Structure formats: C-alpha cells, structure tokens
Amino acid sequence: MAQTLRKTSRRTIRLTPVDAFLWLVRIAAVVAIVVGTFRTLTGRGLVTLSGAQWRDNVVSGLSLGAVYALIALGYTMVYGVLRFINFAHGEVFMSGTMIGFFVATALARTGLWAGNGIYLALLIVLLASMATSTFIAVLLERVAYRPLRGKTRLIPFITAIGASFFLQYAFAGLFGTSVHHYPDVAQLAGQVSIAGVPVLKTQAVVIVAALLMMAGLYLFVERTKTGKSIRAVAEDQETAQLMGINVDRTIVLVFAIGGAMAGIAAFLYTLVFGQAFFLIGFVPGIKAFTASVVGGIGNIGGAMVGGMLIGLIEAVSPNLILSGLGIPAAFQLTDVVVFLALVVILIFRPTGLLGERVAEDRT
Amino acid sequence: MAETARTGPPDSSASNGPELLPARDVGVRQVVRTGLLAGLTIAFVASIGMLVAFEGRAVVSTLTLDYVILVAIPMGFGYLAAKPPPQFEGFAVARRGGRNLLAGAVAGVVTGGMLAVYLALVGNFNVREQMPNISPEMIGRLTFQQGLIKGWAFLMLGSVALSTLGAAFNLLDRTLRRALAYALSWLIVIGLLQVVVSTILNNLGFPLVDRLYNVAGSLTIPGAIGVFVVIFVAYVVPKPKREPIKQGYAELPAKKRRLVLVGIVLAILAILAAVPHLLSSDLAEDLNLAGIFLLMALGLNIVVGLAGLLDLGYVAFFAVGAYAAAVLMSPLSPKWAPGLIFWEALPFVLLAAAFAGLLVGTPVLRMRGDYLAIVTLGFGEIARLLVTSTWLTPYFGGALGIIRIPSVHVGPVEFLGANSQTFFYLIFGFAIVAAYASYALQDSRLGRAWMAIREDETVAEAMGVNIVTAKLWAFMIGAVIASVGGALFAVKTASIFPNSFDIIVSITVLAIVIVGGMGSVPGVVLAALALRGLPEILQEFQSFRFLIYGALLIFMMLRRPEGFIPSRRRARELRQDEVLQDAWVQAHREEPAEVGLEGS
Chain B
22 MAQTLRKTSR RTIRLTPVDA FLWLVRIAAV VAIVVGTFRT LTGRGLVTLS
72 GAQWRDNVVS GLSLGAVYAL IALGYTMVYG VLRFINFAHG EVFMSGTMIG
122 FFVATALART GLWAGNGIYL ALLIVLLASM ATSTFIAVLL ERVAYRPLRG
172 KTRLIPFITA IGASFFLQYA FAGLFGTSVH HYPDVAQLAG QVSIAGVPVL
222 KTQAVVIVAA LLMMAGLYLF VERTKTGKSI RAVAEDQETA QLMGINVDRT
272 IVLVFAIGGA MAGIAAFLYT LVFGQAFFLI GFVPGIKAFT ASVVGGIGNI
322 GGAMVGGMLI GLIEAVSPNL ILSGLGIPAA FQLTDVVVFL ALVVILIFRP
372 TGLLGERVAE DRT
Chain H
52 MAETARTGPP DSSASNGPEL LPARDVGVRQ VVRTGLLAGL TIAFVASIGM
102 LVAFEGRAVV STLTLDYVIL VAIPMGFGYL AAKPPPQFEG FAVARRGGRN
152 LLAGAVAGVV TGGMLAVYLA LVGNFNVREQ MPNISPEMIG RLTFQQGLIK
202 GWAFLMLGSV ALSTLGAAFN LLDRTLRRAL AYALSWLIVI GLLQVVVSTI
252 LNNLGFPLVD RLYNVAGSLT IPGAIGVFVV IFVAYVVPKP KREPIKQGYA
302 ELPAKKRRLV LVGIVLAILA ILAAVPHLLS SDLAEDLNLA GIFLLMALGL
352 NIVVGLAGLL DLGYVAFFAV GAYAAAVLMS PLSPKWAPGL IFWEALPFVL
402 LAAAFAGLLV GTPVLRMRGD YLAIVTLGFG EIARLLVTST WLTPYFGGAL
452 GIIRIPSVHV GPVEFLGANS QTFFYLIFGF AIVAAYASYA LQDSRLGRAW
502 MAIREDETVA EAMGVNIVTA KLWAFMIGAV IASVGGALFA VKTASIFPNS
552 FDIIVSITVL AIVIVGGMGS VPGVVLAALA LRGLPEILQE FQSFRFLIYG
602 ALLIFMMLRR PEGFIPSRRR ARELRQDEVL QDAWVQAHRE EPAEVGLEGS
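Line order of the protein sequences matches chains B and H.
Using this note's numbering, the letters of the first sequence map in sequence onto residues 22 to 384.
Using this note's numbering, the letters of the second sequence map in sequence onto residues 52 to 651.
By construction, these hints were calculated from the structure, which means they are not laboratory data.
What you are looking at is a predicted structure, and each value in this text was computed from that prediction instead of being measured.
Errors might be hidden in some of the hints.
Said to hold, decoys possible - So, partial list: chain H residues that the calculated Cβ filter (under 10 Å) puts toward chain B:
no., residue
1, ARG309
2, TYR422
3, GLY429
4, THR544
5, ILE558
No residue lacks a Cβ here, since even glycine has one placed at the ideal position from N, Cα and C.
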C-alpha cells in the first residue's frame, strides 16, 4: 500500500514540456542577469560607468520608482477591493499631467510663478492635478465599471481598455497631440546633498513626497475607521454590507484615493521630466501595474517596494545587464526589460514579494 | 392598463382589474441630467475639433456634417430625456403625452444653459495655446457666425426645438419611430458614402447618379427625399416571415440542404469577386486595408471569441509575419537575403508564427484572463521595441525597415501591391480560407474544448479537456492567421517599418472583434469594413478613430456585450441572466405582483 503510494507520487513529478519550458525561462533569466552583471562589473561590458554614475542611476531610479509606486497604489487598492485590474489607471495619471500642464502654463504667465509665490502656484497645480485625476477615476467607476460589477471578469476589463483609449484620444483632441513642456521651476533646479550624496532637488522632492504619501495612506487604511471599512470590503463585500458598511461608497472612496495618488504622481512626474503628453500614461501605467504585481497586488506596502524595485530595474539594468551581454544602445530596450520582468515574476513568484497568490485563478 | 393613473398618490390607482402601482414616469432628475449631458457632449465635440474637421463634408445639399451632429445631439438626448424609465412587473404602463414633450423642452433649456456657460468660457478666455481646437473658427461655427450673444440665442432656441422634437419620438408608435430613425440614419450614411455609392452605381450603369448627388458630393434635395421615402417604406411594409423559409430549409434532406448552402456561398463569392471592378482603385485600396485587418480579426476572433483568451499583443504575430516575409523575400534584407518567392516563403512564415504563438502562449498558460491580457500586451511592445532597436538593426533594418519586397505570382497572374484591384483577390482568398477555418474549428472537437475553457476552465479540465494543448493551439492558429495578414501587408506595401506594428493595431483588431460580436464571422466582416474601411473613405474621421474605438468598446460592453451581429451561442451565454429573469417573470405572471407590497 505504502509502496504503491510512493510509486505513484514519484510518477507525478514527471516534467511536462510546458514546465520544462518555464524552467528554461527561469534559468535563462538567471543566467542572463548573472553573466551580464558579472561582465559589466569586471569591465568587459560595452559600458563602463564610474561609481558616481552608478549612484546617479540608482537615485534617478528611486525617484522614478517613487512615481511608479504612487500610481501602483491605484491598481493595488482597486484590485484589493474588486479583484479587477483598472487598465485605464495609467490614463488617470495622464489626465493629471495634462491638467497640471494647463494650469501651470496659465499660472506661469502671471506674476505668481516668479519669486516665492511659486510655492503657492505649485500647490495650486498639485491640487488641480489631484482633483482631475480623482474626478476621472471616480467617473470611470461610475460610468464604466459599476454597471458591470459582478459580470465575467473580462467584460469590465475590455471596458477599461476602451476607457483607456477613449481618455487618451479625448485628451489628445482637447490639448493637441504634441509633447507639452512645463514651465521651469527655478527654485527646484540644482542639487542638494542628502547624507553626502548629491541629489537633484526635484528627485529629492519626489522621493520624500512619495514616502510621506505612502506612510499617510498606510496609516489611513490601517488606523482609521474608514480604512477599516475599506479592508472589510476587500475581505468580503457581502459580510461588510451586512455589518452596515456602504459598499458602493467605499468602492468610490477607493477609486478616489487611487486617483488622488495618481494625481500626486502626475505632479511629481512633471516636476522631474517637465513634460505632458497624451500617451504619457500608457507605459508608466503598465510599469506601475508591474510594480504592484512585483510587490504583491492588493498590498499597499508591496506597491511601495515594487515601485522602487521597478524604478531601479529600469534605471540600472540596461547598463548593468544588457550592455554586459554585448547589446549596443541598451537604453532602447529599457521597457523590454520591465515587461520581461513582469513575465518572469509571474512565472517565478505570482504572489509578488509581499502579497498573496492572486495571479492564478482562484475563483 | 391605460386607465390607471400614472402619477399621484398610490390610492388613486385603485380601480377594477389587478391592482398596479402607478407607472414610473420621467423624473426631473432624469431630464436635467440628460440635458446637461447633451450640453457637455456638444462642448466636448466642439473642443476636440470635430466641428471644424467635419465642416467640409456636405451630407444633404449644403447641410454639412458638423451641423448634422449639432442637430443630432439635442434630438437624441431629447428623446432619452423624455423616455419613460423601464417599467417593472406590477407597474402600470406609462402614458405618453404632453408631459414627455415638456421633459424634452426642459432638457433643451438645460442644454442651452450649459452651452451658455461653455460659450462664456471659451469666448472670454483665450486658451488656444494649450487647447488648439478651441479656435475662433470653431466658436464661429458654433455660433453660426452671429457673435456670442446672438449665436447663443440661436443655439438655445435650436436646442429647445430639437430636444422637443426628439422627445416627440416617444409619442410615436414603435414601428413608426424605428422606421423614422432608420430612414434618417440611412439618409446620413448614404449622404456620407457618396464616393462609394456613386462609383458603384456608375459602374453598374445606373442612370440616376447625377440626380441623387450634386457636384459638391452631397445628396440633392430630391435625392434625399427619395432615399428617405424608399427606406421608410421598406421598413414599414411588412416583411415576409423568415420562419417558414427556415423551417422549409431545415426539412430538406441533408443532401439538398448542402446543395442550397453551396449555392448561397457561391452566389456570395460571385458578388464579392465582382466588387473590385465596381470600385475605383482608391476604394479598392481601402478595401485591401480593411481586408488585411479582417484577416487579423478572424484570427483574433478564434483566440478571444472562441477560446476566451484576451490577447492584447496580437500585433506581435502580425509583425512576425511581415518581418519573416520581408526577410525571406526582399533582395535587400540586411543580413540574410535568400530571396524566396512568396509561396516558398509562406510555409516558413507560418512556422515562424506558430513558433511565436508557442513562445507567447506557454508562459501565460496558467495566468488568469486579465493578467494574460497585460502580459501579452507586453509581448506586443517587446516585439516592436526589438525590431526598432540598434541591437537587431543588422537583421531587421531598424527604423529604416526592409524595402523592395517583391510581388506575388500565381501562375501567369501577378499580384502587385500597388494594383489594389487585383491584390484584393489575394487578400480575399486568404480571408475565405480563414473564415472557413473559423467555421470548421467552431464545430470541431478543438472548438468545443475552447468554448468549454472560455466558460469555465476548472470545469473544462475536470471534464477531460486538455487545457494546455487547447490553449496552445488557439495561440498558434491565431498567430498563423495574423502572420498571413502580416505577410500580405509586407507584400502589399513592398516595404515595412517598425512603426506600423504599434499597440494601436492590436486595439483596432480587438475593437473589430468586439463590435462585430465575439465568435461571429459575419459580424467581424462587417465590423472590419466599418471600423477600418470607413475611416479611410471619410478621411476627417481618421483623427477621431481611436476615440470612437474606445467609446465603442465601452458602449458594447455596457449595452451589447455579444456584439452587433452576435453568434447565436455566444449571445445566449452572455444574456443568460436575462433569459433566466424572463423565465422567472413568465413563471410569476399569474401570481399577484409582490413587488407592490409597499404601495397597496
């Protein structure tokens, strides 16, 4: 009896071709990373950077990662509550950059932009970005997602794709298809030194602001009564409703928070890159989604970790890994690395670093 | 029924017959909201530059498309504002009358008020620098060149009148209402499609074309009246019942049935074969483009419609097909130029695509639908970034692409890409093969396995469906069909560049499949013509194409998830809850309405 059991259990370990392929992908990923890194660090890669250049890469990666983390919050919170990927969240972010640009150029023509008034001006821009993104996120929920709640998962997802393209081209129609340039902010030019590391002022602002927002949001969700209701709805909608929680309002709140965070991300992003563009939300949206998956989707702390990690991967890996493998002009393939990271992570560890297993079907 | 009061306190509804709740009637909130929406829609359409873009397209006489839109919006929203809300079981039937007209008028006033705000904003603040479409030209169009105040007065009067007119549609009998709506929409469509209609009619030797359209390319007034009357009458006149014909067909012996089917198919083929000769070469060119997208949509239809795998990176397979064909055929292929002819290259193209399908399909096998979508989207972007990159430029030419891809020969006939009238047949031939494959697969063992997976993967697995092979087959077959589209695209344009393989292609194909109806071949054919062919003919729609695709995707999912021309099985599945609900209502019809507890 026991013997036959052991026999059958041995037979089930058989490697299917699919598993073999997936193992091949895993091994290839590890080998590529190790070989590339080794060759670059031993100076045999195509690019040799000095220590200061690597440090700058890391800092810019972290500031980019902070923006991704803020966007990722929107994905992760909505996912936590509705088990639904809000594909149009990148466009929520984009709407913030566009309206931020609109307000900023209008303010730049007034005297407010010069001198100390600029802090007030920037605050107005920030509030405008946040208000827009929040409005768009809540509008999406109301118009496109709420009527479809409870349908097959792909139906709201396709709606989200449609909403994403509708928003992109609506903003293209409103503001034109060209890349808009933000007015310069003189007070944020130059560098500051943090713990002996010279950091661009804008980058420092971005990282600090993002950390503060994250901490605030974490406290809000964990410590307040409203936060408790969000967690309750995420856990079990029906039971939460029976306990007297207004589920609809909580879901709207979640979208609003995600939108507000995307609005802040939009403001910070334009501070660093000085651009607004109707397609600007698409790739950052996918990267932020990747970040939330990396950290474990549905997990606020995970969004932070994942965002920083994706930012670092984006800033460092082309030089570190791809150039080491002998690929010229590796910066062109930055997005390839991030997309591959998503695939590899979903194969390796679909739970993400801090979250639970959600990428595979549980329902 | 009608004798029950529609408003007032519940006790007034007490009458003989079953006790019913008063009908739910048009509420103030509905009216105001619809009016505001109409105003916002007009403001949006104006701000994205649609009005100015459409001013060059005359539809009927001198009436241009921008004013058609300005008329249609208040009318449509007026109709919606005055439409009684859906009545539930146990409610009286809503009476329609002056109240509905009033609702329309009020909605019109709200719309006019909204436009006053809009005009006050755009007229007094110059935002041209940031919002290029809010131009003096647009404001002029919107105010009928009468200045802000006078122009707004016209708008107000117009929106009230049109909104009331739209509301009046609610008073009409259903058949009449539909007939009017159909006749009006067809009138606009035929006015817009002047190029197509007049070319076909001219080539058919139809004598009245000059009477129908004037020199400016719009319908003449007698022509418009004629079109309107013909369509109106055609709709109102009772049609022969389809059922007896269908039944007769079903009762035929199997052999004869097959004969009839072959006959119908041959007739359709014959008509289609004549199509390029009825069109000018410009129109045939547009048809070619639509055909290539049709081919891809047929492939995606299998992946999304049958197997339920939402592949957003479909453009990757299109790119594989195009690049494989280009590398194998072009004498100027950068690294390796075997210079094969099309038919020699085709097997390798298909193999490459099938391999790409496996490569994309394997990692996503166990992922859930939405994750699968995003990961495949990533693969689509990876494909484009790789062919653009400096790294692979020595193989694929980078941004310079691959040029001088030779034409296709079948026996003595040359299918030159530039000659769209003959090239149509090549695309057409492949599309027929793909359509046939779709039908054949639908009823095969594999097709049933796909549909089982689409409905419930776990159950399908438990029933013995091999999920791994079924999914991989779906990816491979979809990839192979897309690669044929890619190869034809490469031959057609004779040179390919990486920027043709944007994510937008995937979304266009997805929109075609969704609008046509997932799993439905005729739906996909029509949707490919409408979504990809039409914007080529009506160039002013080009820049609003993706906006319209996005809106259509949302609309379809909200209102008609089964598509405009649904496959019967898919519709039944998607509407299952409604079917069940109807059955429930049927079953409870005899019992007294329990819903009305509060009112009685």
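Structure-based check of each hint:
Annotation: ARG309 (chain H) was flagged as interfacial toward chain B, and the flag is violated, the nearest CB pair being 36 Å apart, outside 10 Å. With a cut of 10 Å, the hint placing TYR422 (chain H) at the interface with chain B holds, because the nearest CB-to-CB distance is about 5 Å. Using the Cβ-Cβ criterion of 10 Å, the hint placing GLY429 (chain H) at the interface with chain B is satisfied: the shortest such distance is roughly 3 Å. The criterion of a C-beta within 10 Å of any C-beta in chain B is not met by THR544 (chain H), whose closest approach is roughly 24 Å, and the hint is violated.
Taken as an interface hint, ILE558 (chain H) checks out: its beta carbon lies about 6 Å from the nearest beta carbon of chain B, inside 10 Å.
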